[in-house]
Amino acid sequence: MDPRTAGGEPVNSALDWLFNPDHWSGPTGIPTRILEHLGYTALTVVIAAAIAVPIGAIIGHTGRGTFLIAGLSNGLRALPELGLLTLLVLLTYVGLLPVVISLVILALPPILAGTYAGVRNVDRAVVDAAQGMGMRGSTVLWKVELPNALPLILGGIRSATLQVIATATIAAYVALGGLGRFVIDGNNAGAGSPDGYPQMAAGAIVIAVLALVVEGVLEVVQRLAVSPGLRNAATRKRTSRIWRKPTPELVGKST
Amino acid sequence: MNVDWPWPWLPRNVDKIAEATGEHLYLALLPVLFGLIVSIPLGWAASRWPAVRLVLVPLAGVLYTIPSLALITLVPLLIGTKIIDPLNVQVPLAIYTVALLVRSVTDALLAVPGEVTAAATAVGFRPTKRFLSVELPLAIPVIVAGLRVAVVSAMSLTSVGALIGIGGLGELITEGFKRNNAVEMVVAIALILLIALVLDALLLTVGKLITPWTRARQGANR
Numbered sequence: 031m032d033p034r035t036a037g038g039e040p041v042n043s044a045l046d047w048l049f050n051p052d053h054w055s056g057p058t059g060i061p062t063r064i065l066e067h068l069g070y071t072a073l074t075v076v077i078a079a080a081i082a083v084p085i086g087a088i089i090g091h092t093g094r095g096t097f098l099i100a101g102l103s104n105g106l107r108a109l110p111e112l113g114l115l116t117l118l119v120l121l122t123y124v125g126l127l128p129v130v131i132s133l134v135i136l137a138l139p140p141i142l143a144g145t146y147a148g149v150r151n152v153d154r155a156v157v158d159a160a161q162g163m164g165m166r167g168s169t170v171l172w173k174v175e176l177p178n179a180l181p182l183i184l185g186g187i188r189s190a191t192l193q194v195i196a197t198a199t200i201a202a203y204v205a206l207g208g209l210g211r212f213v214i215d216g217n218n219a220g221a222g223s224p225d226g227y228p229q230m231a232a233g234a235i236v237i238a239v240l241a242l243v244v245e246g247v248l249e250v251v252q253r254l255a256v257s258p259g260l261r262n263a264a265t266r267k268r269t270s271r272i273w274r275k276p277t278p279e280l281v282g283k284s285t
Numbered sequence: 009m010n011v012d013w014p015w016p017w018l019p020r021n022v023d024k025i026a027e028a029t030g031e032h033l034y035l036a037l038l039p040v041l042f043g044l045i046v047s048i049p050l051g052w053a054a055s056r057w058p059a060v061r062l063v064l065v066p067l068a069g070v071l072y073t074i075p076s077l078a079l080i081t082l083v084p085l086l087i088g089t090k091i092i093d094p095l096n097v098q099v100p101l102a103i104y105t106v107a108l109l110v111r112s113v114t115d116a117l118l119a120v121p122g123e124v125t126a127a128a129t130a131v132g133f134r135p136t137k138r139f140l141s142v143e144l145p146l147a148i149p150v151i152v153a154g155l156r157v158a159v160v161s162a163m164s165l166t167s168v169g170a171l172i173g174i175g176g177l178g179e180l181i182t183e184g185f186k187r188n189n190a191v192e193m194v195v196a197i198a199l200i201l202l203i204a205l206v207l208d209a210l211l212l213t214v215g216k217l218i219t220p221w222t223r224a225r226q227g228a229n230r
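Heads up: the protein sequence lines correspond to chains A and B, in order. If you use my numbering, the first sequence corresponds to residues 31 to 285, in order. If you use my numbering, the second sequence corresponds to residues 9 to 230, in order.
Hints in this document: simulated from the structure, not taken from any laboratory. There's no promise every hint is true.
[Stated by the list, open to error] Footprint (simulated), chain A over chain B, 3 or more residues, beta carbon under 8 Å: (1) 152 to 163; (2) 189 to 197; (3) 201 to 209.
[Said to hold, decoys possible] Taking beta-carbon pairs under 7 Å as the criterion, some of the chain A residues facing chain B (in silico): (4) 117; (5) 234; (6) 253.
Glycine included, C-beta positions come from ideal geometry on N, C-alpha and C.
In isolation and in its complexed conformation, chain B is listed as follows (with noise of 0.2 Å):
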C-alpha cells in the first residue's frame, strides 16, 4: 500500500486536533469520576455486607468481561439513547470503571485492620466519621492504583466508539486511515498515549500527596 506521510496536515489542523483532544478528555474522563463517586459507596456496602459482596463482585467481573465495541453498541438498545450519542461510550465506560474499582475499594476497606477500627471506636467515631476519616484515608492508596488502572484505560478505550462515529482523538484515527493518512493518525496515537502517561503520573502525585503517613512509614522503616 501506498502510505502518505502529508506532514503539513499537521500545522494546518491544530485547531481540529485539539478539538478532538477536548472531546476524548470529555467523553473519558467524566464517566471515570461518576464511576469512582459510585464505587465508594457500593465498595463499602460490599465491604460490610458479604451477602452483597456475593452479588456485586461477580456482576463485576461479568460487566468487566463484556467487550467494548459489544457494550458501546448495546448502550442504544439498553437505554434508549441514538447511535451517535456520547452516552453511548460513557455508559461503558463508567460500568467498567464500576466494575474495576468496586473490588478495589471492597478488598482496601477489608484490609483495614480490626484493632484500627477498633481504636477508632474507642476513642468515641462515630460510624460515618469512622468511615470518613479513619477506614477511607487507608484504602486510599489502593483506590488510586485502581484510577490509575481506569484512567489510562478509558483514554484508549474511547478510541473505540469512532467505529461507530464517536470518539474524539479515535475519529482521527479512522480519519486517517481512510484517507491513507499516517500523519493523521500517529499524530491521535501519540496524543492518547501522552495523554495517558501524564494523567497516571499524575494520579500517582496526588495519591501519595494525599497520603503523607504512607511515606512516613517507609521512611521509618528504613
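Here chain A stands alone, though its shape is the one from the complex (with noise of 0.2 Å):
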C-alpha cells in the first residue's frame, strides 16, 4: 500500500517515526530543531521589537505618522513570506542574515500595531493626570502610556512571535536548520521511504504543538504583565477589554 495514502497505518508510522528514541538525539535530532526553532524566533522577535516598540511608540505618543501603521501592516500582509524569504537568501548567500531579515519584517507590523494602538488607547484622562502632576513628555510615556500600553506591545509580540514560529519553518527549505527541516528532508526523501510522509507528519506534529505551547506561554506573560494598577476593581471592566485576545482579524496570517 502507498504508504501516502491514509488510513491506519500512516498515523502508525508517523507515530513510530516520531517516538523513535534515534529521533530525540544528536545534531539532527527533534530537540536540537526545536532549539533551533526557538532560536531563530527569538531573535527574529527580539530585534524586531528593538526596532518597532520605540517607533510604535512615538507614533502613539505624537500621534504623528500615523498612516504607517495601516498601510504597513495592509501591504506587508499581502506579501508572500515564502517569495520575500527565498528572493532575499538567491539575491545574497545561504545563511542566517536573509532569514533573519526577512522573517524581521514579517514580525515588525504586529508589534508596531500594537504598541501603537496600547500608547494610543491610554486613558486620556491619565495622561492628563500626568501631566497636571508637572510630568513632561517623555516621563509621560515612560511611566504612564508605555506601562498602560504593556499588555497590547505584549500582545502584538506575541502575534509576532507566532507568525516567526510558523515562517521560520520555511528557513529548511533555503537549507537552513528548525523543524521545518523533517517536512522538507520528508518530501524529498519522496514516496514509499520511511523517512518519507512519516517523517513530514511527525515534523508537523511537533511544530504544531510548539506553536500551541509558545501561544499558551505567552498568554500567561501577557496576564501576568498587566500592572496591578489596571487590575483593580474600579478598572477591571477596562481591563477586560485590554486583556482580550486580539481577534484574528488585526493579525492576519502569512504562513
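Put the complex together from the two separate chains, hints included.
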C-alpha cells in the first residue's frame, strides 16, 4: 500500500517515527531542531521589537505618522513570505542573516500596531492627570503610557512570535535548520521511504505543538504583565477589554 | 551567489504564468468561499447559545495558531488524501477562513442592538426572516472586514503549498529559486501581491455597495 494514502497505517508510522528514540538525539534530532527553531524565532522577535516598539511608541505618543501603521500592515499581509525569504537568499547568500531579515520584516507590523494601539488607547484622563502632576512628555511616555500599554505591546509581540514560528519552517527550504527540516527532508525522501511521509507528519506534529505551547506561555506572560493598578475593581471592566485576545482580523496570517 | 535575471523568460512563459495564476486562484478562493458559507451558520449558533460560543471561539483560536506548513502536511493523515492533492492546501485554507470569520460573525451578530431586533420582531418578522433581512445585513461590514483579511492571507498562504508540490504561483517561486531565476520569482511575488490588492479593493467596494445605509449614516453625521 502506498504509505502516503490514509488509514491507520500512516498514522502509526508517523507516530513510530515521532517516538523513535533515534530521532530524539544528536545534531539532527528533534530537540536540536526545536532549539534551532526557537533560536531563529527569539533572534527575530528581539530585533523586530527593538525596532518596532520605539517607533510605535513615538507614533502613538505624538500622533504623527499614523498612516505608516495601517499602510505597513495591509501591504505586508499580502506579501508571500515564501517569496520574500527565498528571493532574499537568492540575491545575497545562503545563511542566517537574509533569513532573519525577511522574518524581521514579517514581525514588524504586529509589534508596531500593538505598541501604537497600546499607547494611543491609554485613557486621556490618565495622561491629563500625569501632566497635571507636572510630568513632561517623555516622563509621561515612560511612566504612564508604556506601562498602561504593556498588555497590548505584549499582544503584538505574541502575534509576531507566532507568525515567525510558522514562517521559520521555510528556513529549512533554503538549507537552514529548524523544524521545517523534517517536512522538507521527508518530502525530498519521496513516497514509500520510511523517512518520507512519516517524517513529514512527525515534524508537522512537533511544529503544531510547539506553536500551541508558545502561544499558551505568552498568554500567561501577557496576563502577568498587567500592571496591578489596572487590575483593581474600578478598572476591571476596562482591563478585561485590554486583555481580550487580539482578534485574528487584526493579525492576519501569511504562513 | 551569481543571480541570473533572464528577462526573456517572461515573454516565453506567459502561458505557464497564466496557468499558475489560474491554479493559484482556484486553490485560494474556493476554500475562502466555502469558509464564508460555513462560518455564517456557525457564527449564528455561537451568537445565540453561549455554550456553543465557549467551544467554538477557543477552538478557532487553536486552529488559527497552527502553522500552515504543519496543517498542510497533516491533512493526508487526517482525511486520507494523497500528498499532492489540492485539497491538502484547500482544507487548511478553509479551516483558517472559518476560524477567522466565526469570530467576526459572532461579534457582529452580538453587536446588533437589542432594540433593533425587538423592533423587527414587533413589526412581525419571524426569527428566520429577521436573521436574514435585519441581523445579517447589519453584520455585513464586520464580515467583509474579516473576509478581506481572509482573502489576502489566502493568496499568500497558498504559496506555502509549493514546498510540498502544490502551490500555483508558489511553484514559480520554488522553481525560480532552484533554477537561480530571479525573474520567475519576482513575477510570481508581484502577481500574488497584485491579485491580493485587487481582490481587497474589490471586496471593499462590494461591501460598501451592498450596505448603502452605512454611507447614509456617515452623511447624516457630517
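Stated coverage of the stretch 152 to 163 of chain B by chain A [criterion: 3+ residues, CB within 8 Å]:
This one holds; 6 residues, not fewer than the three required, reach chain A with a Cβ under 8 Å.
Let me know if the C-beta of residue 117 of chain A comes in closer than 7 Å to any C-beta of chain B, holds or violated.
Hint on residue 117 of chain A: holds, closest Cβ of chain B at ~5 Å, below 7 Å.
Minimum beta-carbon distance criterion (7 Å), residue 234 of chain A to chain B:
Because about 4 Å separates residue 234 of chain A from the closest Cβ in chain B, which is inside the 7 Å limit, the hint holds.
Can you tell me if the stretch 189 to 197 of chain B counts as covered by chain A, using C-beta to C-beta distances under 8 Å and a minimum of three residues?
It holds: at least three residues are needed, and the stretch 189 to 197 of chain B offers 5 whose Cβ sits within less than 8 Å of chain A.
Taking a Cβ-to-Cβ distance below 8 Å as contact, does the stretch 201 to 209 of chain B have at least three residues touching chain A?
holds (count 4)
Hint check: 7 Å Cβ-Cβ cutoff, residue 253 of chain A to chain B:
At about 15 Å, which exceeds the 7 Å cut-off, the nearest Cβ of chain B leaves the hint on residue 253 of chain A violated.
In this structure, only the earlier hint numbered 6 is contradicted, and the remaining ones agree with it.
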